[in-house]
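Q: The listed protein sequences correspond, in order, to chains Z and U. Heads up, the first sequence is in my numbering, so the first residue is 1 and it goes up one at a time. Heads up, the second sequence is in my numbering, so the first residue is 1001 and it goes up one at a time.
Since the hints were made in silico from the structure, they are not lab data. Quantities reported herein were computed from a predicted structural model and do not represent experimental measurements. Warning: the hint list may mix true and false statements.
[Claimed, not checked] The list that follows gives simulated cross-link-like pairs (lysine to aspartate or glutamate, DMTMM-like), each with its CA atoms no further than 20 angstroms apart:
1. U:K1053 with Z:E219
2. Z:K213 with U:E1150
3. Z:K198 with U:D1144
4. U:K1174 with U:E1157
5. Z:K198 with U:D1139
6. Z:K213 with U:D1139
7. Z:K213 with U:D1018
8. U:K1053 with Z:E220
9. Z:K454 with U:D1018
10. Z:K213 with U:E1152
11. Z:K213 with U:E1036
12. Z:K454 with U:D1016
13. Z:K213 with U:E1048
14. Z:K213 with U:D1145
15. Z:K213 with U:D1022
16. Z:K213 with U:D1144
17. Z:K213 with U:D1016
18. U:K1174 with U:E1154
[Stated by the list, open to error] Some residues of chain Z that are not near chain U, with every Cβ distance over 10 angstroms (derived):
19. H131
20. W136
21. K362
For each residue, glycine too, the CB sits at the ideal point set by N, CA and C.
Residue-level listing of the chains:
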Amino acid sequence: MHYESPIRNPLILGDKSYSDITNDIARPVESKAPRLWWIAFSIAFIMFLWGVGCILYTIGTGIGVWGLNKTVDWAWDITNFVWWVGIGHAGTLISAVLLLFRQKWRMAINRSAEAMTIFSVIQAGLFPLIHMGRIWMAFWVMPIPNQFGSLWVNFNSPLLWDVFAISTYLTVSAVFWYVGLIPDFAMIRDRAINPVQKHIYKILSFGWGGKAKHWQRFEEVSLVLAGLATPLVLSVHTIVSFDFATSVIPGWHTTIFPPYFVAGAIFSGFAMVQTLLLIVRKIFKMEDYINIEHIEMMNIVIMLTGSIVGVAYITELFVAWYSGVEYEQYAFLNRATGPYWWAYWSMMTCNVFSPQLMWSKKLRTNLVFTFVISIVVNIGMWFERFVIIVTSIHRDYLPSSWSMFSPTFVDIGIFIGTIGFFFVLFLLYARSFPVIAQAELKTILKSSGENFKKHHGDHGTH
Amino acid sequence: MGHTKHNPIIRAIFNDDDIVLDAVKDLRANGYNVSEVYSPFPIHGLDEALGLKRTRLSTAAFFYGLVGLFFSSWLTYYTMIMDWPQNIGGKPNAMWFLNMPSFVPVMFELTVFFAAHLMCWSYFAVNGLYPGAKAQNPDPRTTDDHFLMEVELEGEETDLTAKLQELGALEISKIEA
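Model the full structure from these sequences, guided by the hints.
A: In structure tokens, the structure reads:
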């Protein structure tokens, strides 16, 4: 019953019992924060405050403080929006798609990946909100009766589709995450000694007791949520790509965008999961749970999605040439050889060439190399959005209005601020939430734990 | 578990999921009524061994999704066709059906939104889970590495306790109804 082929590497290393899993996962919540945590938190918090200042300055003065001009009227904010939404995708992919495919290795990483999803979608949502200028009017994007003779929102607009897609994605990811967290909060509640801590986790755990019927419902709800979240996650970046694809701008008006954006989103998201988990496993000593096996699996996904993105880039070039439309051809020629050639070739190097190194097993099981590539990939994916957005519009049909975009300190400040805000949320999460779905992990201990696998191997029992 | 007659309950603590599962099967085969098992993680096959019915939450989710689909169809019809039709990008607005292709993304999102959220609320409601609720498990060790089984006592107490000990129970206690 608990048998798994000996060819598969163990997912939980060491001689672990159920209680060891409990102790290891409760430890970061129960012990004092490591020094490194405080250093990281302070830096992130300063970045966050800087971003808050820049956002307040934008709202107080107006969008004119950004580097936008008459030709390039969409640049950093939308680049950052798409970048953050894309990062979020890996969390849902890990928790939903890998659940449907019964991939057990997801169990050690799904909690943190989903936290990353929620926190990065929060960052993404900030950009359209502040770009509205009058953020206190943000509720106008909702279809609510109003004093203008019921002038409704436009359901034909991809920007409104985005409102529905992003808000559905954020809230559904949050409940999916929380349903899984409840049994783990109950675990912390039941062992808490400090009365304040016990009370907080009592509230958070909703009274969970682990009855047989409740576990049956838990598994059913998880499966159905995974089934709902899978098309949802694909729809979200598809709809983000519609923001561009439904326009008539050369370089944006392409049917390849939905799959290309989704692959890029998973690619950047997995890279961010790598960045975060390599730090988490080190600081919180989770190496037995998030081991080389997990890192290698994620690197393979990065390699695969990076290759899909590479094929998409080349297809775009081919179709531009094959279309015979000179504006379309110029848009791509300008990307690769125009004044933004450096952005284009940064994107190509980071996204297409660097993940190909993962074909080497030696490299993809190397932690330092993985960490470096995970950062390189996210730099590349930021450039991808910048290239798609800015180089397609900075040289429009009228050469007299051609211009360049340069960000102001406010543009840069808000972007840095969102990185800070993301890490503030993630670091707070890592200290107060069970960072691994321990209840789920216990179900695979007997089949995928190193000691149990070894025992099976020694005795040949099935 | 709704008890019609109030028999005393025997609680037995175990420390292994396989032992609990075998014990449940054994007890039920011998005519005992195992009324509840508290475990730190889902044990596969336990619901069948306990004779629990399949949950209907997934069926409910399907109907919740339909509610979302109908709501979004009505919303787009009312706002875009009936209340204030406008010519947007030359899209036909005389009939909802003709304008429908551009409403598909919103219809899809609201279907998922209703299905997911209403299913989760139902899940919390039927499980009696809400912020600040009292812990349902009688022993705090059952969220760590212990398993607690509740068996209704109908016959001789000594028979049942002997049976439980034989099946691997570590601790046995009696709760008067």
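Q: Failing hints, ascending?
A: Hint check: nothing fails, all pass.
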